[in-house]
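There are 2 protein chains.
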Amino acid sequence: MSATDRGLLYGDGLFETMRIEAGRALYLQEHLARLAAGAQFLQIPSLPPGDLWQAVALTIAANDVAEGSLRLTLTRGEGTGPDPVAEAGPTLVINVRSGLPYRKEQYLNGFRVRLASFRRDSSSPLCRVKSLNFLPNVLARREAKAAGGDEGLFLNGEGNLCEGAVSNLFLREKGRLITPPEDSGILPGITRRMVMDTARGAGHEVLEEEITPARLGQAEEAFLTNSLLEIMPLVAVDERPVGRGVPGPLTGRLMELYRLRKGAARR
Amino acid sequence: MSATDRGLLYGDGLFETMRIEAGRALYLQEHLARLAAGAQFLQIPSLPPGDLWQAVALTIAANDVAEGSLRLTLTRGEGTGPDPVAEAGPTLVINVRSGLPYRKEQYLNGFRVRLASFRRDSSSPLCRVKSLNFLPNVLARREAKAAGGDEGLFLNGEGNLCEGAVSNLFLREKGRLITPPEDSGILPGITRRMVMDTARGAGHEVLEEEITPARLGQAEEAFLTNSLLEIMPLVAVDERPVGRGVPGPLTGRLMELYRLRKGAARR
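Sequence order for the protein chains is H and F. Note that the numbering used here numbers the first sequence so that position 45 is 45, with each residue one more than the last. Note that the numbering used here numbers the second sequence so that position 188 is 188, with each residue one more than the last.
Quick caveat, the hints were computed from the structure, so don't treat them as lab data. Bear in mind the structure is a predicted one, so any value in this text is a computation, not a measurement. Do not rely on the hints blindly, as some may be mistaken.
Chain copies aren't distinguished; within one or between two, either way the pair holds.
[Stated by the list, open to error] Below, in silico cross-link-like pairs of lysine to aspartate or glutamate (EDC-like), each with a Cα-Cα straight-line distance of 20 Å or less:
#1 Lys174 with Glu158
#2 Lys104 with Asp83
#3 Lys262 with Glu21
#4 Lys104 with Glu220
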């Protein structure tokens with residue numbers, strides 16, 4: 001990397017993280033579409049999807065990764081000064097790693113979250129863009145880990161729960177799934193959307209509504225989603241149990257349905 | 001730079017920008033103190049000030065820069081995943097450039113600002129840290145430049161003016177200087193502090209108070225400050241004139257006093 005890349009100097013860029021299974025990046029098309037939308041917003045020239053697709057495939061193959069993760073980083077490229085002027089076009093970086101960052105017990109016993117000490121500003125135009133300005137998320141993860149949690153959870157400026165540091169939030173209430181709406185300060189996750197589709201396809205009602213802390217406290221069960229760890233049963237917030245304090249039955253059913261859906265998508 | 005440096009991956013780092021005059025970085029000690037405070041907040045191991053001081057001097061000398069700018073970037077170093085774990089200690093980058101990014105007419109005619117379309121969240125713990133998460137500032141600069149302005153200006157969540165994209169704000173009211181307080185969402189600038197000291201030393205009253213847009217509209221004059229361009233006369237906000245719409249007399253006097261102070265500091 002150049003030491004004058006604007007990705008480093010200002011976080012002037014975007015990224016996507018994908019799960020690799022059987023040597024392929026899952027939901028690559030959806031991730032590339034979100035990357036392209038972010039690039040359009042930031043006015044970073046996008047690379048042709050076909051080139052990105054090929055670069056991803058070549059990188060996975062060259063590193064011989066069967067199961068693991070892939071990160072795609074697109075920056076505005078080299079250039080100094082705060083004005084978004086790139087001197088020589090965008091920079092693309094692809095990182096791959098074998099293995100995934102979880103312990104099996106986390107899925108059996110459930111994930112525990114900690115409320116972040118600061119809020120997500122839902123009025124920021126950057127909420128909906130997966131930019132390299134990821135330090136609030138890093139700090140929320142640090143706070144959560146320091147308190148013995150697995151993930152940090154953000155309130156937005158209105159005091160509603162909006163998303164985890166690296167995950168989206170779902171709860172079950174009267175049998176229906178509820179997840180915070182896109183304008184609540186969340187990054188709309190690819191897995192969030194896939195889980196909504198999966199649940200609806202299986203006949204479950206899914207609503208996008210604001211979630212107060214009290215509402216989560218009274219939920220029948222809850223889970224988090226992201227592209228690497230997919231569906232994570234959520235069993236505690238700041239040591240207070242969610243639902244019965246164990247992974248819930250609908251969470252388990254959706255995990256199974258999601259696995260089947262992935263298998264079908266790969267074929 | 002490594003392609004797994006957390007500065008690039010997450011904006012997990014800090015920077016300082018200084019003016020070089022006569023081959024020396026101005027107010028280096030003050031910038032290094034702010035860097036150290038930010039590093040403590042982010043829990044990034046800091047390098048000994050003596051080492052940083054020497055690295056700065058060597059870089060300026062090696063590049064033979066008499067007048068220009070220097071940027072010091074400190075990241076958490078290499079490491080993947082959102083948790084702030086560095087695998088091999090921090091990364092330090094020093095960039096130097098000859099020349100400064102202004103046109104002489106800007107000082108004669110004054111700088112024109114544009115209000116950003118989005119606000120600064122003064123409750124964020126990152127406001128007071130000069131982190132690599134600089135994209136909101138980049139976007140505010142883009143908006144301002146696209147509208148023919150020289151700099152973007154942020155409102156905070158309370159609707160008060162807090163700072164420019166890369167500058168602090170001062171106005172004159174009944175002969176006194178007013179600048180927004182440190183908890184209003186600003187990055188407390190080194191030049192802001194030096195100008196406050198300079199003004200007070202010359203017998204001017206300086207107050208840290210919230211500045212509504214109406215208050216700026218009624219100001220006798222106003223200016224912006226930063227480390228590279230120092231004191232910039234502010235003459236218009238969104239095409240509405242500030243004061244008489246020309247650089248003000250106190251601004252000119254402070255520019256002169258600031259120059260003298262710098263000269264004394266260099267000796």
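Cross-check of the supplied hints:
1. Within a single copy, Lys174 and Glu158 get their C-alpha atoms no closer than 25 Å, and across copies no closer than 38 Å, so neither meets the 20 Å cut-off.
2. With identical chains, the CA atoms of Lys104 and Asp83 are at most 20 Å apart between copies only, with a shortest distance of 19 Å across copies and 46 Å within one.
3. For the homomeric pair Lys262 and Glu21, the shortest alpha-carbon distance inside one copy (10 Å) is at most 20 Å, but the shortest distance between copies (60 Å) is not.
4. Neither within a single protomer nor between protomers do Lys104 and Glu220 lie at most 20 Å apart by alpha-carbon distance, with minima of 23 Å and 66 Å respectively.
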